[in-house]
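Counting from 125, one number per residue, gives the positions in the sequence shown under my numbering.
I should point out that these hints are in silico values taken from the structure, not numbers from a laboratory. Keep in mind it's a predicted model, so treat the numbers as computed, not measured. Each hint should be verified, as a subset may be incorrect.
[What the hints assert, rightly or not] BS3-like cross-link-like pairs, simulated, lysine-lysine; straight-line CA separation at most 27 Å:
1. Lys204 <-> Lys214
2. Lys351 <-> Lys416
3. Lys351 <-> Lys252
4. Lys214 <-> Lys419
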Amino acid sequence: MNGRNHSIVSEFVFLGLTNTWEIQLLLFVLSFFFYFASIMGNLVIVFTVTLDAHLHSPMYFLLTNLSVIDMLFCSIIAPKMIYDIFKKHKAISFCGCITQIFCSHAVGGTEMVLLIAMAFDRYVAICKPLHYVTIMSPRICLYFLVTSWIIGLIHSLVQLVFVVDFPFCGPNVLDSFYCDLPRLLRLACTNTQELEFMVTVNSGLISVGSFALLVISYIFILFTVWKHSSGGSSKALSTLSAHITVVVLFFGPLMFFYTWPSPTSHLDKYLAIFDAFITPFLNPVIYTFRNKEMKVAMRRLCVRLVHAGKIS
Numbered sequence: 125m126n127g128r129n130h131s132i133v134s135e136f137v138f139l140g141l142t143n144t145w146e147i148q149l150l151l152f153v154l155s156f157f158f159y160f161a162s163i164m165g166n167l168v169i170v171f172t173v174t175l176d177a178h179l180h181s182p183m184y185f186l187l188t189n190l191s192v193i194d195m196l197f198c199s200i201i202a203p204k205m206i207y208d209i210f211k212k213h214k215a216i217s218f219c220g221c222i223t224q225i226f227c228s229h230a231v232g233g234t235e236m237v238l239l240i241a242m243a244f245d246r247y248v249a250i251c252k253p254l255h256y257v258t259i260m261s262p263r264i265c266l267y268f269l270v271t272s273w274i275i276g277l278i279h280s281l282v283q284l285v286f287v288v289d290f291p292f293c294g295p296n297v298l299d300s301f302y303c304d305l306p307r308l309l310r311l312a313c314t315n316t317q318e319l320e321f322m323v324t325v326n327s328g329l330i331s332v333g334s335f336a337l338l339v340i341s342y343i344f345i346l347f348t349v350w351k352h353s354s355g356g357s358s359k360a361l362s363t364l365s366a367h368i369t370v371v372v373l374f375f376g377p378l379m380f381f382y383t384w385p386s387p388t389s390h391l392d393k394y395l396a397i398f399d400a401f402i403t404p405f406l407n408p409v410i411y412t413f414r415n416k417e418m419k420v421a422m423r424r425l426c427v428r429l430v431h432a433g434k435i436s
């Protein structure tokens, strides 16, 4: 009989963000808007890249998969939060909580690796342009994608394989609007210091290490662009600035969650709003409004749709 069968707790209760009706209404409107805009914005990127042959390149292949991951990531937390905003009893089952943790870490870990792959793509395009087609072949792009998902799933499983056997006998209140490991471990009826350390190593160091690797790679690329400044440097800098912005937005909250000591402040759950709603919304904005090729492709797609509508 495993530890989970000894658990008295069958559900966890969220305290949410606020009990003030006016603020709840504002949160509902804003969260619904950002969630809807995130889904629609990322769908636009997916359909634009898929339907426009001019964008069938490694960079846009990786960008499309980033958009898919962003849609998955915000859909893990956002719908439940929006549904719970006006509820007095904001609860989630034990299995639902574990599933939410597993999915968020799997998708988050996948995005980390994918962002590294996108940085490598930009490195090859800028530093080794003559070998770009050879190095970033369709086979390599698919390899990057499969590897990112495998690492993301392993990263998530390594943590949860221990948590599911922990006894939870009360209390069952989480001062948040979603399930995550640091807060959940504090509710276990056993010593979790070793697992908390493992979570810090697994999630915290991976986040910091990936961020450091990306920063170093982008500094090297920027130095290369500056050293070989030419007519195409402005385009390269524009693309790089978009990538760097996305990296900072994604890793900033993650590093705070998993490198800070036990979550005793309310700041982490407000930062989680940024990670769950704002970042997936800003990614399509950054990659469309700051990307001339994407804007041209979107206009072409709109013209094709209008033309098709007139014919029908």
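Hint check results:
1. A C-alpha spacing of about 9 Å is found between Lys204 and Lys214, which places the hinted pair at or below 27 Å, so the restraint holds.
2. Restraint check for Lys351 and Lys416: satisfied, since their Cα atoms lie roughly 24 Å apart, inside the 27 Å limit.
3. At roughly 14 Å between alpha-carbon atoms, Lys351 and Lys252 fall within 27 Å of each other, so this suggested pair holds.
4. A hinted pair counts as satisfied when its Cα atoms are at most 27 Å apart, and Lys214 with Lys419 does not qualify at roughly 42 Å.
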